[in-house]
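Novice: Each chain, written out:
Protein chains: 2
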Amino acid sequence: MPIVKTTYKDQVVDYVYGLLLDGVLSPGDQLKETLLAEQMGISRAPIREAMKELIMNGLVDYRPQVGNFVPILSPKQIVDSYTTRGVLEGYAVMESCTKFSPEEIDRLDHFLDQMEIYAHKNNHKMVVETGGEFHDLLISKSDNIQLLEYTDRLSLKLHVLFFKNWSKLYSPIEIGQRHRTILESVKLQDRPLIETVIRQHYAETGAKIAALQ
Amino acid sequence: MPIVKTTYKDQVVDYVYGLLLDGVLSPGDQLKETLLAEQMGISRAPIREAMKELIMNGLVDYRPQVGNFVPILSPKQIVDSYTTRGVLEGYAVMESCTKFSPEEIDRLDHFLDQMEIYAHKNNHKMVVETGGEFHDLLISKSDNIQLLEYTDRLSLKLHVLFFKNWSKLYSPIEIGQRHRTILESVKLQDRPLIETVIRQHYAETGAKIAALQ
DNA sequence: ATCCAAACAGATGTCGACATTAGACATTTA
DNA sequence: TAAATGTCTAATGTCGACATCTGTTTGGAT
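Residue numbers (the numbering used here), protein chains in the order written: chain S, 9 to 221; chain X, 9 to 221.
Hints are computed from structural coordinates only; laboratory data are not their basis. Keep in mind the model is a prediction, meaning the values are calculated, not measured. Be aware that one or more of the hints could be misleading.
If chains are identical, the list can't say which one is meant, so a pair holds when it fits in one copy or spans any two.
Unchecked claim - As a list, the in silico DMTMM-like pairs of lysine to aspartate or glutamate whose alpha-carbon atoms are at most 25 Å apart: (1) LYS172 - ASP114; (2) LYS195 - ASP151; (3) LYS84 - ASP151; (4) LYS149 - ASP37; (5) LYS40 - ASP30; (6) LYS40 - ASP114; (7) LYS107 - ASP18; (8) LYS60 - GLU41; (9) LYS216 - GLU103; (10) LYS149 - GLU112; (11) LYS129 - ASP160.
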């Protein structure tokens with residue numbers, strides 16, 4: 009029995025996440041309240057609540073009096089989103105780079121080992137997941153709640169909207185090297201370098217994903 | 009006759025803005041849907057829509073099954089919010105510092121002149137407003153929509169929640185000098201300096217406001 | 001054939017009522 | 001007395017119906 013009680017709104021949010029990740033919904037598609045309500049056997053009220061949450065996370069575009077849509081992001085907007093993520097993460101890690109314990113540094117190394125293994129096995133899903141854990145641990149030492157709120161939102165947005173593209177992004181060797189460059193700068197506690205390499209990582213990743221669109 | 013049609017939801021948002029700016033609502037207060045609906049002579053549905061928008065802008069905290077509250081920000085959270093604003097604005101201006109025309113530089117100078125005049129007259133409202141115009145023009149050259157979305161949200165949040173405090177922040181001379189330091193770095197197009205001074209400005213402002221709470 | 005306007009369909013916006021739940025208060029019990 | 005339990009109230013969660021608006025289609029006039 010779950011400790012947290014799940015409201016209809018939360019179920020709708022999860023349901024729409026699934027539709028997005030599974031590719032059932034494509035950019036530009038409208039999320040019709042009536043249709044979703046029918047599909048889930050509930051009324052439109054919790055659907056509307058859920059839409060607002062999805063809008064907040066950038067996963068849905070809202071056009072007044074018209075409806076809710078899966079965002080269509082231009083290549084420029086994709087680059088911008090990744091760039092912004094890089095600015096936020098770069099600052100967060102720079103500010104907290106002295107707080108990692110040796111064990112945590114080991115874990116970060118281990119994530120990259122795993123990532124490379126999964127990459128060689130062409131297990132894209134696990135590559136993305138392990139990469140996510142790497143970045144999560146990396147920023148976890150920041151105590152700036154406000155900043156973390158924005159990185160979380162952006163992560164979710166980029167993850168959900170571009171999950172499919174990650175499979176074609178990097179070679180197994182490249183994806184390892186890229187992240188090891190970041191980790192090295194953290195080990196050195198070289199604050200300017202940390203910010204530089206993290207920004208560069210996201211700028212280049214954004215550019216690559218934008219090129220795939 | 010207004011060009012943009014105003015829906016009840018927007019009226020509610022404006023109404024709550026007013027309550028916050030006028031100090032009718034204080035941190036920790038609950039925004040009761042039923043009460044607001046009665047006051048405005050409408051039903052709860054548009055109230056709920058408005059709450060979601062206010063939550064999105066950080067002006068309302070939502071506790072499931074309990075209600076919506078005016079946020080209580082700890083001194084640390086205030087500092088964090090201003091810090092994050094500085095990180096975002098610093099990057100935005102650094103990236104776009106070459107795009108200002110001579111006329112726009114003049115306008116920026118003019119805003120600071122005005123700001124100092126208002127400060128000497130103890131016209132806090134106009135000091136804040138002019139300062140807002142200065143920062144708005146400063147970041148307006150950035151074309152990173154995603155980043156601007158976050159700076160806008162944070163501006164609004166900080167403006168609405170701490171408007172009152174600005175009157176006790178800086179002396180007329182100091183507020184001018186602080187902003188001129190920023191403008192000078194922009195005139196020099198010294199990218200690292202721009203990011204440094206903007207971050208520092210927000211860090212110090214955040215610390216001061218936090219100390220007032 | 002083209003343009004414009006009126007009607008239509010389907011979506012969101014709003015309403016009032018009922019269901020459910022969290023928190024405060026009163027009550028019981030050791 | 002104090003902790004645990006029961007009750008009550010007021011708030012949010014949800015519902016189904018109706019109002020209004022948007023985009024489209026259709027049909028007539030040029």
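Novice: At 25 Å max between alpha carbons, let me know whether LYS216 reaches GLU103 within a copy, between copies, both or neither.
Specialist: between (28 Å within a copy, 20 Å between copies)
Novice: Should LYS172 paired with ASP114 be assigned to within, between, both, or neither, using CA atoms and 25 Å as the limit?
Specialist: neither (29 Å within a copy, 48 Å between copies)
Novice: Taking 25 Å as the upper bound on the Cα-Cα distance, should LYS149 and ASP37 be classified as within, between, both, or neither?
Specialist: Neither, since 38 Å and 32 Å both go past 25 Å.
Novice: Is the C-alpha distance from LYS60 to GLU41 at most 25 Å within one copy, between copies, in both cases, or in neither?
Specialist: The answer is both: 12 Å in one copy and 17 Å across copies each meet 25 Å.
Novice: Is it within, between, both or neither when you check LYS40 against ASP114 at 25 Å Cα-Cα?
Specialist: Answer is neither: 47 Å inside a copy and 49 Å across each miss the 25 Å cutoff.
Novice: Go through the copies and call it for LYS107 and ASP18: within, between, both or neither, with a Cα cutoff of 25 Å.
Specialist: neither (35 Å within a copy, 44 Å between copies)
Novice: Between the shortest in-copy and the shortest cross-copy C-alpha distance, which are at most 25 Å for LYS40 and ASP30: within, between, both, or neither?
Specialist: within (18 Å within a copy, 38 Å between copies)
Novice: Is it within, between, both, or neither for LYS195 and ASP151, if the alpha carbons may be no more than 25 Å apart?
Specialist: within (19 Å within a copy, 34 Å between copies)
Novice: Could you figure out if LYS84 and ASP151 sit no more than 25 Å apart (CA to CA) within one copy, between two copies, both or neither?
Specialist: between (31 Å within a copy, 9 Å between copies)
Novice: Treating 25 Å as the Cα threshold, decide for LYS129 and ASP160: within, between, both or neither.
Specialist: neither (28 Å within a copy, 43 Å between copies)
Novice: Please sort LYS149 with GLU112 into within, between, both or neither, judging by C-alpha distance up to 25 Å.
Specialist: within (10 Å within a copy, 40 Å between copies)
This entry does not satisfy hints 1, 4, 6, 7 and 11, going by the numbered hints stated previously.
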